[in-house]
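The listed protein sequences derive, respectively, from chains A and B. Under numbering that gives the first Met the number 0, the first sequence has 24 at position 25, and the numbering climbs by one with no breaks. Under numbering that gives the first Met the number 0, the second sequence has 242 at position 243, and the numbering climbs by one with no breaks.
If you are wondering where the hints come from, they were derived from the structure by calculation, not from laboratory data. It cannot be assumed that every hint is accurate.
The calculated DSS-like cross-link candidates involving lysine-lysine, where the alpha carbons are at most 30 Å apart (straight line), are [unchecked claim]: (1) K116/B with K214/A; (2) K31/B with K215/B; (3) K212/A with K116/B; (4) K214/B with K215/A; (5) K214/A with K54/B; (6) K54/B with K116/B; (7) K197/A with K20/B; (8) K197/A with K31/A; (9) K115/B with K214/A; (10) K212/A with K115/B; (11) K214/B with K31/A; (12) K116/B with K215/A.
Chain by chain, the residues:
Number of protein chains: 2
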Amino acid sequence: MLLIADNLQITNPVIATAIDKLDPAPIQEMVKNCESAGAQAIDINPGPLTRDPEKKMTFLVEAVQSVSRLPLLLDTSNPKAMEAGLMAAINHPEPPIINGFSLEPQKLEYILPLTKKYHTRIIGYLLYPNSNVPIDEADCISVLLDLYGQFQAAGLENDQLIIDPVVAPVIWEDGIRHNISILSVMRQLPDLLGFSVKTIAGISNLTTGKIPKDKKQILEQSFLPVLASSGLSLALLNVFHSQTTQTARACEALLTPGIFSWATL
Amino acid sequence: MLLIADNLQITNPVIATAIDKLDPAPIQEMVKNCESAGAQAIDINPGPLTRDPEKKMTFLVEAVQSVSRLPLLLDTSNPKAMEAGLMAAINHPEPPIINGFSLEPQKLEYILPLTKKYHTRIIGYLLYPNSNVPIDEADCISVLLDLYGQFQAAGLENDQLIIDPVVAPVIWEDGIRHNISILSVMRQLPDLLGFSVKTIAGISNLTTGKIPKDKKQILEQSFLPVLASSGLSLALLNVFHSQTTQTARACEALLTPGIFSWATL
C-alpha cells in the first residue's frame, strides 16, 4: 500500500495563501515535511481554481518538483488547471496521475480525454453523475460498470485506471452502509472488471465533520486495515498522522507473505 | 465482536501465586479491573494444572463468580480441571465455553466429550494432531474439515462450535503466511461448513516474543480490524490495552450497518 499525502490542499489556509501569492516557500516546506513523514506520492489539490487556473497549477507543480521527485497526483476539477499541471510535469520521471473523473458529464467531456492525450493514469470515482454516492452494493457495482464503460470508450488501456470507491464520512446517515458496500465491491473488482485494477481511498474523508480528534484518530486507524485487507493499493491520507502511517506500514507487513521484519515499522 | 479478557492467566506471576496459595483477592481484583476495562467475558487460563487440578480450577471459577456475572471460558488442557470448572459453574447464568479442543488425540478423547455432557459450547483450534499450525490455506481447510468431522462424531450440534483459526506470532518464520491463510479461511467458513459458525482469535499471540512494546501495540491494533472484517465474532485480548479495545469498538461501529454513533467509542 502506497501512502499519498493529502496535505497539500487549498483547505489549509497556509497553502491557500501561498497559492494566492504564488509564494513557493510554504508549498516546498509542506512537501519536504510530507516526504520526511513517509509520503510516497503527493496529491496536489488546489480546488477548482476559478481565477488564473493555468498559472496557479503550473506554479504549484513547479514548486513541488523543485524540492521532490515523488510521483504527483493532480487533484482539480478544472480541466484548464489539469492540463497546465500535466504540461508542467511533462519532464517528471513518472507521468502524474489525474485525480480524477466520475460519471459527471463535465468530467467525462473535459478531464477523461486528457488521460489519452498525456499517456497518464486516471482515478475513477464511484459516484453518480450528480456526484452523490451510491449506497448499496448493487448500486456501487452499477456505477462501476458505467464508469468502466466510459473509460473504455475513451480508448484507454486497463492499466491506466485506478478506482476510488469513495470512503464516506461516518457522520453521514448512510455513510457506514456505503462504506460496508465498497469493501465488498473492492474484493470483487478483479471478477467484475476481468483484471486486477488498482484502488485508492481518501482516509481523511471517513472523519470529516465534527468528531473529537482522538476519536478521528481511532476511526482512521481502524478503517485503514479493513481497507488494506480488501486490497487497497493507494492510501490518500494526512501523512502527519503518524499513528495512521504506522498502521499502514503494519498492514503492509501483516498482509504481505514473506518473512516479516517488525524492525521496519 | 465480543471482547474476552485473556488477562487471568498463569503466566502472570501475581495470578500464579494467587492460584498456588488459593488466595482469591488478586483474582477478584483482576476480574473487576477487566470488567471495568470493557471485558464482556473472562477466559480462565490456569495452564495444565498438574497438581490439584480439580481444587484449583474450582477455586478459580468460584473466585471469579463471586465478583462477576460475565460469561466464562475455561482454558485448560487438563480434563480433570476442565470438568471441575464446569461443575463449579453449573449455576452460572450462562454455561461456560470449553477452551478448547483440537485434533490432538488427548483432547478428542477427554475434553471434547465434556461438551455433550455439560451442554456447553467448545472452541476448536485449527491445529494438526501434534499441535503444529497448518500454513497454507488448503492445509487449514483440511484441518478444519477433520476437526468438524470429530465434532460431529461426538454428537454435538452446530451451534455448540466456535472455531479458533489460531493467530500465529509474526516472529515465526511462517507466521505471516499462516495468518494470511486464516483470513481467507474465515471468510469461507459458512460455505465450507454449511452454516454460520462463530469464530474466536487470540490477539496477543500475534506479538508473542521479543518485540518492542510500541510495535506490539501497533501490530495488534492493525490486525484486529483485519480479523474483524473477515468476520471475527470473539476477540480474546489483553483488555488493559485500551487502544486495542477502542479499536475493537471502532471496528464494531464501522462494520455494522445502521446509524453510527461515534459517541459510543
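Hint by hint, here is what the structure shows:
no.: 1; hint: K116/B with K214/A; verdict: violated (46 Å)
no.: 2; hint: K31/B with K215/B; verdict: holds (25 Å)
no.: 3; hint: K212/A with K116/B; verdict: violated (51 Å)
no.: 4; hint: K214/B with K215/A; verdict: holds (21 Å)
no.: 5; hint: K214/A with K54/B; verdict: violated (46 Å)
no.: 6; hint: K54/B with K116/B; verdict: holds (20 Å)
no.: 7; hint: K197/A with K20/B; verdict: violated (60 Å)
no.: 8; hint: K197/A with K31/A; verdict: holds (27 Å)
no.: 9; hint: K115/B with K214/A; verdict: violated (44 Å)
no.: 10; hint: K212/A with K115/B; verdict: violated (50 Å)
no.: 11; hint: K214/B with K31/A; verdict: holds (26 Å)
no.: 12; hint: K116/B with K215/A; verdict: violated (48 Å)
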